[in-house]
Every structure is written in C-alpha cells, then in structure tokens.
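Just need the whole structure built from these sequences, with the hints factored in.
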Amino acid sequence: MIRFDQVSKRYPGGHQALSAVSFAIRRGEMAFLTGHSGAGKSTLLKLIMLMERPTAGQVFIGEQNLNHLPASQIPYLRRRIGVVFQNHQLLFDRSVFENVAVPLHISGYDQHDIGRRVRAALDKVGLLNKEKLNPIALSGGEQQRVGIARAIVNKPAVILADEPTGNLDPELSAEIMRLFEQFNQVGVTMLIASHDLRLIARMHHRVLTLQNGRVSQDAQV
Amino acid sequence: MRKSETRQRQRPTADTRRATAGAVSHRVHWLDRLRAWGRHHRQEAGISLGKLLRQPFASMMTLLVIAIALALPALLYVVLNNVSQLSGEVGQSTRISVYLKDSVEEAEGESLAFELSRDATWHDVRYISKEQALKEFQALSGLKDVLAGLDENPLPAAIVLEPGRQLGPLEAQQQLSKLQALPEVEQAELDLQWVQRLHAILDIAKRVVVALSGLFGVAVLLVVGNTIRLAIESRREEIVVIKLVGGTDAYVRRPFLYTGLWFGLYGGLLAWGLVSMALFWLEQPVTALGSLYQSSFALAGLDAEATLILISGAVLLGILGAWLAVGRHLTAIQPT
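Chains as they are written, first to last, in the UniProt record's numbering: chain V, 1 to 221; chain W, 1 to 336.
Subject to a maximum C-alpha distance of 30 Å in a straight line, what follows is the list of computed DSSO-like cross-link-like pairs (lysine-lysine):
1) W:Lys135 - W:Lys101
2) V:Lys132 - W:Lys51
3) V:Lys155 - V:Lys46
4) V:Lys130 - W:Lys51
5) V:Lys155 - V:Lys130
6) W:Lys130 - W:Lys178
Hints in this document: simulated from the structure, not taken from any laboratory.
Below, the structure is given as structure tokens:
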C-alpha cells in the first residue's frame, strides 16, 4: 500500500533528512514509525502526503508512483489519505461538525450525505454530543479526536498520524491508539509516527525505527 | 501477505483509478459533484458577501476608493459626451451669416433673402434687420443701458442661411465666396472653423479619458488586490487545512474571487451613484446656461450602454484583481 524505494531527501541548505530509505507497508497493515526527534519521521510522512518531493528514489501509494503524479493531482491523492496531526490543525472559527465536514465539502458530497457521514465519524470517536461546540471549548484529547474524525470521515484507505499522542497523558494516548486499532481492524492501512516507545511496545505491531535518516530496525514487536 | 493481497484484488471496485490507491467506499457521483460545485459557488458567494457586510466600515472604505477611481473617468466621459453632442448639434447646421452693407435698405435686404431662399441649398433663410439685431443683442447681452446710450444702431443687418444638409468644407467655401461676391454683402462668415477646432480638442480629450480610465483601472486592480491579500492572510490557517485535506487550488481560490466580484460590483454601483449625484448637482446650472444661449440643451447622463460598461468593467476589474492577488499569494501558503 505504501512503498519506499531507495528514497532520499535532502533539504535546501544541505540537511540530509532521509538516506536511501526502503520499506513496504501492506494493505491493511498497522505500523509504527519511531526514532529520535530529527530522525526523519515527519519528512517521511510529508513525502507520502506530497508536502515534499524526494531528492532521489521513489514513493508508491498503491500502484501510483508519486514521482509521476503532477502537482494538479496532489489534492486528489490527499483526499484518499487521512492525516492526524500533533497540533490537530483544527479551525476555531467553526463548530466541531463543520471542522469534520471540511473534507466532505471539498470532495463534493451531497448535503444530506455530509450530515450522515460526519455524525458517523463523530460517533466513532465518541464526540457525537459535542458536534455543535467550538473545538476551542474541548480538552486536548477531545480536540485530537475531532482531528481523527476529520481524518476518517472520507473513509480513506490509508491513515497517517504524526505524533498523535504527543500532548496527551498516557491514559488518553492509549485510548487514541485503541481507536486506531479499531480502524485497522476494518481494513485501513495505518502508519503512526510516535516516539512514545513504551506505548508502542504494548501495542504489538510492526515498528520501523529511523536513525539519522536511515531505517535502523524493522521488526514486529 | 500474498493471501491478503489476493483478497483485496478480488474486492469489487468500480472506479479503478481510485482502487489503485486503495480507496474503496469513496465514490462520488459526477452529478453530485457538479451539484456540489454549484452549491459551493452559491455558498461562497453568500459567505463572502456576508463577510463584506460584517465589516461595514472597512468594506465601505475600500468600496469608496474603488468607486471614486471609477467615477472620475466615468464623469469625464459624460462631460465629454455632452460637449461633443452639443458641438455636433451646432456643427450640423454649418450656418453662414451674411452681413449686409449699411447702404442696403430693408426692402432690398428682404428681397435678397427671398431670392437666396429659392436656392435649394438653403433650408432656412432668415433676414435680420438692424432693429431686430439690436433687440436680440440687448436681450442676450444685458447691455441694454449702454446700448440705449448710443446715438445710432451700430449693428448691421444680416441674413442667416442654414443649409438643408451638411456641407463639405470645400462646398461651404464655394458658397461662402459666392455670397461674398454679391454687391449687397459686406462680409460673409462661416461658423465652422471653431467647430472643427473644438472637434480636434475633443479628440485629444477623448484620449485623455481613455488614458485616465486605464490608470484608474490599474488603481482599482491594486486596491482589490491588496484587500484580497489581507483577506488571504487572515484565512491562512483555513487555507492550510483545506490544502492538507485535498482542496484543489480552484476550491481555495473561489471565495476570494467572489470577494473580488462583490467589491467590483458594489464599487461599480457606487461609482454610478456618484456620477448620477454629480450630474444631478450640475443639471440646474447647465440648464440655466443653456437657456442663456436660447438652447434647450439638457445634460445627458450615463446611458444604458455606458452604465453596463461601467458596472461590468468594475466587476471584471474586481475579479481580475482578486485573481492576481490569489495567484501571487496562495502558492506561497503551503502546509509544512
């Protein structure tokens, strides 16, 4: 589902973020991406989202070689990938419902369909009763769950998460991870970047470890 | 691994392009998409108008600048239009005034006028006696007392000839020399030269209006562009999120183009209002001036065509200004 083939990324200015990274994540697999900060986790996720282009090597999503994807097609790629951010990236000028509805508006869903899908997504993350609130009124854990609802509302085949539990206490973090496992159980491919090694160890999934821009370990924990 | 992949391949998916990337339950019917596109246009049109109205003071300032920039050339155009209309009225009757010698008696003058009126060239021939000329001059000039103090009437008798059709410059000159040659005639004058000069001046003035319109048009572009730039800055976060979840450039651009459209439309309407107000203000003195020249000249406002050009031009400038600003600033906002 996600395949990196000898991918390198050097930023202008000379910083080598990734060096000849190769791995493949199967459809329906759940994997963690870990490593010290600055090891290249975020860069790797950005390459999948086409927020950055690799300096060398190739990235595949499904059968699509991203090197061959023109800039005009990037939005359509992003619609097929759900992303959860550490800082949520929520909009505080609108309600929880409207935040979750943004990807559906963009994809052109019918108004009735939008209501149904947004409520289904909010129900999954347990926030159905807070749809009318402004996300600023929610706790950190709840905000993160709004972000997750927005990532899954389009029913993407792939979900990426960048430090989704970075600002949460252990209990909330475990709750978020359980949510991700549920999505994975219905066939969604998950790639989660996290440096919370203790949490990862408890989850028993595949772990990719990055060190100085290289995959130093790839193991089932 | 092999087993699960086979299972996935067998899953029925209609849209193969999407299936390659793995999205399964993700199809949106094209008709729904078209409807959503139309709905987004309506929504954004409404939302951007709402935003404009929610900041009445800031919006009004921008609108006024746009309106003034549009109203100035529009007003100049109207003035010019009126002047050329007036000069056209005068120029069409290439009048020839023939001043008679003092020795010519009134009866002789009248018979000469009658003779000339038999020439088909002249549509109207009018004899003005010395007394009539004096009366008209007194009425128009307001120098009644001064004139009354004179011992004798200094004005000559005259015959005014109006051609039935427009005379060419050469033809007019021929007629003029023919009249000049008559023994009763002191002097024959063609009231044409000043009209030609006026037309030459008007041609220059028209170009000035075109140049000014161009300059003010650029000013409108810049004002709208700058306003849109600020609007883009204030919605930076939203733009980032929309780009992250797969909004196309067109989707991101749309609300700003509508903002430009509204600024253009309302700026244009306001400009029209300003021009109308200025004309209303000028109407009375112009009519008074016209009556002094015994003319029923009335000030012409912006006709339907000019109004349409003003408003649609304003809308186009608004959209274009927004487009330029969006093109320049949206690419700079990328999720990082």
